[in-house]
Every structure is written in C-alpha cells, then in structure tokens.
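Chemist: Now for the letters of each chain:
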Amino acid sequence: MRHYSRSISLFFVVCGLLFTLAQPCFSADGDAVDFLSDDFYEDETASIETDDPLESFNRAMFQLNDTTYTYVFNPVAEGYSKVVPPDIRGVVWNFFRNLEEPVRFINCLLQGRISDAGTVFVRFLINTTGGVAGLGNPAGREFGFKRVEATLGETMATWGIGDGLYLVVPFYGPSTLRDFTGTVIDGFGMTPYYTFTDDLGVMAGIYLGKETNKLSMSLGEYEEFKKLSFDPYVALRNGYFQYRKKLRDHSVPNDGE
Amino acid sequence: MNIKNTIKTPSTVLGMLMILLLATPIAGLSSTVPDPTQQMKPFVNKMTKILAEADVKNDSQCSICQRLIDISRERFDYNEMSKRVLGKAWRKLSKEEKENFVDLFTELLQYAYVGKIQNYAGQSIEFTGQRIKGKRAEVKTELVDNNKTIPVSYIMLLEGDQWMVYDVVVEGVSLIRNYMEQFREILRKEQYSGLVKQIEKKVKELQDERAQRIAKQQQ
Numbered sequence: 018m019r020h021y022s023r024s025i026s027l028f029f030v031v032c033g034l035l036f037t038l039a040q041p042c043f044s045a046d047g048d049a050v051d052f053l054s055d056d057f058y059e060d061e062t063a064s065i066e067t068d069d070p071l072e073s074f075n076r077a078m079f080q081l082n083d084t085t086y087t088y089v090f091n092p093v094a095e096g097y098s099k100v101v102p103p104d105i106r107g108v109v110w111n112f113f114r115n116l117e118e119p120v121r122f123i124n125c126l127l128q129g130r131i132s133d134a135g136t137v138f139v140r141f142l143i144n145t146t147g148g149v150a151g152l153g154n155p156a157g158r159e160f161g162f163k164r165v166e167a168t169l170g171e172t173m174a175t176w177g178i179g180d181g182l183y184l185v186v187p188f189y190g191p192s193t194l195r196d197f198t199g200t201v202i203d204g205f206g207m208t209p210y211y212t213f214t215d216d217l218g219v220m221a222g223i224y225l226g227k228e229t230n231k232l233s234m235s236l237g238e239y240e241e242f243k244k245l246s247f248d249p250y251v252a253l254r255n256g257y258f259q260y261r262k263k264l265r266d267h268s269v270p271n272d273g274e
Numbered sequence: 288m289n290i291k292n293t294i295k296t297p298s299t300v301l302g303m304l305m306i307l308l309l310a311t312p313i314a315g316l317s318s319t320v321p322d323p324t325q326q327m328k329p330f331v332n333k334m335t336k337i338l339a340e341a342d343v344k345n346d347s348q349c350s351i352c353q354r355l356i357d358i359s360r361e362r363f364d365y366n367e368m369s370k371r372v373l374g375k376a377w378r379k380l381s382k383e384e385k386e387n388f389v390d391l392f393t394e395l396l397q398y399a400y401v402g403k404i405q406n407y408a409g410q411s412i413e414f415t416g417q418r419i420k421g422k423r424a425e426v427k428t429e430l431v432d433n434n435k436t437i438p439v440s441y442i443m444l445l446e447g448d449q450w451m452v453y454d455v456v457v458e459g460v461s462l463i464r465n466y467m468e469q470f471r472e473i474l475r476k477e478q479y480s481g482l483v484k485q486i487e488k489k490v491k492e493l494q495d496e497r498a499q500r501i502a503k504q505q506q
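So the sequence lines, in the order shown, correspond to chains E and S.
Mapped onto my numbering, the consecutive letters of the first sequence carry residue numbers 18 to 274.
Mapped onto my numbering, the consecutive letters of the second sequence carry residue numbers 288 to 506.
To be clear, the hints were calculated from the coordinates, so they are not data collected in a lab.
Hints are supplied without guarantee of correctness; some may be wrong.
To be verified - Under the rule of at most 30 angstroms between Cα atoms (straight-line distance), these lysine-lysine pairs were calculated in the DSSO-like manner:
{"no.": "1", "chain 1": "S", "residue 1": "Lys484", "chain 2": "E", "residue 2": "Lys244"}
{"no.": "2", "chain 1": "S", "residue 1": "Lys375", "chain 2": "S", "residue 2": "Lys420"}
{"no.": "3", "chain 1": "E", "residue 1": "Lys243", "chain 2": "S", "residue 2": "Lys336"}
{"no.": "4", "chain 1": "E", "residue 1": "Lys244", "chain 2": "S", "residue 2": "Lys420"}
{"no.": "5", "chain 1": "S", "residue 1": "Lys476", "chain 2": "S", "residue 2": "Lys489"}
{"no.": "6", "chain 1": "E", "residue 1": "Lys262", "chain 2": "S", "residue 2": "Lys427"}
{"no.": "7", "chain 1": "S", "residue 1": "Lys375", "chain 2": "E", "residue 2": "Lys243"}
From just these sequences and the hints, can you work out the full model?
Modeler: Here is the structure:
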C-alpha cells in the first residue's frame with residue numbers, strides 16, 4: 018500500500034493547488050433548472066456554457082478516452098455482453114451498487130438529506146439480506162424504495178465549494194475538479210471492495226470489471242450520441258452538466274428503481 | 288340607444304355584477320386547460336404503431352422518415368424548436384432564412400428523435416406523470432427496455448387548445464439545449480452560413496450511414 022499511497026497524497030496536493038489556482042469558480046449547480054421556465058432559453062446572460070479554462074487539455078483527454086473507448090473498452094464490453102446474459106449483468110450491477118450504499122448513506126447525512134439517508138439505509142438492509150448480499154434489488158422492485166444518489170462531490174457542493182473547473186479525466190471521462198476529487202475519496206476512502214485488498218492490480222481489476230459490466234448495459238449509446246453531435250466534445254460537456262443537475266435535483270424522485 | 292335607459296337602477300347594476308361574479312368561475316371551469324398527457328398519448332401510440340408496422344429493412348431511402356415527420360408536425364412545433372435552438376441568432380434571420388432553417392433542423396431532428404424511438408419500437412412506453420406551469424407542460428414517459436428504463440420528457444407549449452412539443456429531454460439532457468450550446472460555438476466561429484453548411488453535411492452523413500446500415504442488413 019505504501020508505494021502508491023504516496024502517489025495518492027501527491028494527487029491531493031495537486032488538486033489542492035489547482036483549487037487555489039482556479040479562483041473564478043463557476044457555479045454549475047446554481048438553482049435547479051426548470052425546463053418550464055422560459056428565461057432559460059431566451060436569457061443569453063444566463064449562459065449554459067461552462068468555464069473550461071483547460072479546454073485544450075480536456076480536448077486532448079477527450080480524444081484519448083474516445084480512442085481507448087472505441088478500440089479497447091467497447092470491444093471488451095461487447096464481447097462480455099455476448100458471453101454474459103443481461104440478467105446476470107444486472108445482478109453484477111446490483112452487487113456493486115449495494116456495496117457503495119454506505120458511502121451514499123454518509124454523503125446523505127453530510128448533505129443533511131436525512132430522509133434520503135434513511136432510504137439508503139433501508140435499501141442496504143433489505144438488499145443485503147433479502148437480495149442475498151446485494152445481488153438482487155428487492156428494496157427497489159418490491160418495496161418501492163427508489164435509488165438515491167449522493168456523492169462527495171455533491172456534499173462539497175452543498176458546503177459551498179465550487180466546481181473549480183471542468184475536467185476530462187483520462188480513462189474516466191467528464192468531471193470537475195471538485196467532483197473528481199470527491200470520486201477518488203469516495204472510491205478509495207470508503208468503498209469496501211477496495212479495502213478487501215491492498216494489491217493495486219486487484220483493485221484495478223475490480224474497477225475494470227465493474228466498469229465493463231456497466232458499459233455492457235449501454236452499448237452503442239456513445240456511438241449514437243457521437244453520430245448526432247456536431248462537436249462531441251461540447252455535446253458531452255453540456256450533457257454532463259445537464260445530467261448531473263438532474264441527478265442532484267432531489268425534488269423529484271429518481272426514475273427507475 | 289342611451290346607456291342610461293338600459294342600466295336603469297343601481298340594483299340592475301348590482302345584479303349584473305352578481306351574474307358576472309357567478310359566471311367567472313363557471314367560465315373558468317368550462318375553458319379548463321386541456322390535459323397534455325391525454326393529447327400526447329394517442330400521438331405516441333400512432334408513431335410507435337407506424338414504426339412497428341414499417342418495413343424498415345427495405346426502406347433505405349427512409350420514406351418512413353418523411354411519413355413520421357409529417358405526422359409528428361401535429362404534435363411537434365419545429366418552428367418553436369428552431370427558434371429556441373438558435374437563441375439570439377434567430378432574430379437576425381430573414382423570413383426566408385428562418386423557413387429554410389426550420390426545414391433543415393427538422394430534417395436533423397428526424398434522425399435524432401425518430402432514430403431513437405425506432406430502436407425502441409415495440410418496447411413499452413409508459414406515461415409516468417405531468418407538470419403544468421402556465422402555458423408550459425412537461426409530460427414524463429419512460430422507455431422500458433429489458434434491463435433498463437430510460438426517462439424521456441416532452442416539454443410542451445399550449446398553442447390554442449393544443450399542447451405542442453418544443454423540447455425532448457432524455458435522461459435529464461435536453462436535446463434543444465445540447466444543440467444550442469454546440470450551435471452557439473459554431474455561430475461564433477463560422478457565422479450563420481457556416482452553421483447551415485455543417486447541418487447540411489451532418490444530415491447527409493446520417494442519410495448515407497442509414498442507407499449503408501440497411502443495405503448491410505439486406506445482404
């Protein structure tokens with residue numbers, strides 16, 4: 018663990034530095050966007066464009082991700098999807114999601130979403146027991162406890178920390194400085210399946226397995242999206258912020274169980 | 288005729304006021320806002336039915352696309368969509384340019400939207416709720432696939448007594464807003480004429496890609 022704990026701490030130092038450097042924090046999570054308010058379309062000053070000072074770096078990373086996706090991740094996930102039937106993939110997805118519930122629980126509490134924290138807690142209890150270690154999702158399917166999303170990135174947002182800047186992370190995808198820092202802490206610090214082992218190779222294996230499984234459930238979507246875009250980089254950036262806003266709008270319950 | 292003759296006494300005035308007061312809520316009730324979901328349902332059913340019956344395999348020219356676009360006009364306001372997607376730039380266009388742009392953008396959307404629901408033809412579409420705010424409404428649906436559910440919302444504007452769609456929101460991402468941001472960058476760099484060229488190119492690409500895909504399926 019020692020040799021890469023140093024690189025992790027280095028990562029945080031770099032992040033900290035970038036945070037202080039990236040002073041003009043833009044706030045992408047202002048008021049929840051209401052599609053039914055018209056100003057949204059007509060007010061040019063209420064721009065949906067986001068601060069992207071690292072655009073040239075981000076574009077390069079986007080290109081890198083696009084290439085690795087097309088030539089590595091997508092073929093792997095496609096092969097995987099041919100071998101593993103959809104319901105098994107669903108089970109794998111449930112399993113990982115369930116293991117992450119404690120992280121969501123803590124983040125809900127840190128955000129003051131007490132009732133959501135309760136839902137996460139109950140879901141975790143039901144799915145771990147009735148769903149056999151999280152393989153099934155009876156909490157959602159039978160009891161109607163809908164999925165709750167909560168990440169450290171969102172927690173930091175509720176505490177008033179700005180996004181810093183838009184960041185396309187190599188082999189990961191669109192994020193922001195704040196959110197990606199949160200993702201790393203969520204992942205390393207709290208998610209139990211990484212603490213089972215201290216072998217970086219095993220960790221990476223678990224992560225890749227999880228992501229391959231996730232990707233196998235949405236094959237072809239990225240290609241479709243790219244095909245319809247004029248500038249996939251801008252389209253993805255815009256889509257990322259819109260989607261994130263929806264995930265963090267807790268006034269409406271999540272779609273899907 | 289003198290007004291004084293018609294309104295003779297204060298009591299008549301009072302009576303008229305009373306009638307007015309009573310009539311207002313009744314009038315309000317009789318002209319209630321039509322239900323957006325009720326208007327959207329038959330339309331979605333019609334579209335999916337046409338798609339399900341279509342002979343997609345032998346339709347490399349996408350004659351079905353034209354049919355779907357024609358029918359979609361009864362519920363989709365392509366003019367409103369074009370206006371929104373261009374934002375400020377729309378106002379600078381001449382009448383003719385506006386008409387051209389609407390046609391071009393409609394053609395693009397035909398691939399973005401029709402292509403999308405085509406993949407889901409035969410899958411069930413569930414109506415999960417609606418929200419009305421003044422003259423605008425959101426009708427929420429879910430496309431249910433074997434292993435996942437995709438939320439699709441239709442954002443509508445009340446025109447007369449018809450609710451017309453002016454944006455489609457898939458998994459929280461508005462199609463019009465997404466194109467709006469892309470178009471804005473193109474407009475800034477290449478002006479309006481550059482944007483038109485790019486959309487024309489994209490439509491051509493999508494047409495060719497579709498024709499190729501179908502040709503492959505026929506083999």
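Chemist: State for each hint whether it applies.
Modeler: Consistency of the hints with the structure:
About 17 angstroms separates the Cα atoms of Lys484 of chain S and Lys244 of chain E, which keeps this hinted pair within 30 angstroms; it holds. With a C-alpha separation of about 24 angstroms, the suggested pairing of Lys375 of chain S with Lys420 of chain S holds against the 30 angstroms cut-off. The hinted pair formed by Lys243 of chain E and Lys336 of chain S meets the criterion: a straight-line CA distance of about 28 angstroms does not exceed 30 angstroms. Taken as a hint, the Lys244 of chain E and Lys420 of chain S pair is broken in the structure, with Cα atoms around 34 angstroms apart against an allowance of 30 angstroms.
Taking the CA atoms of Lys476 of chain S and Lys489 of chain S, the gap is near 18 angstroms; set against the 30 angstroms cutoff, the hint holds. As the CA atoms of Lys262 of chain E and Lys427 of chain S are separated by approximately 17 angstroms, the hinted pair is consistent with the 30 angstroms bound. A hinted pair counts as satisfied when its Cα atoms are at most 30 angstroms apart, and Lys375 of chain S with Lys243 of chain E qualifies at roughly 26 angstroms.
When the structure is compared with the earlier hints, a violation turns up for hint 4 alone.
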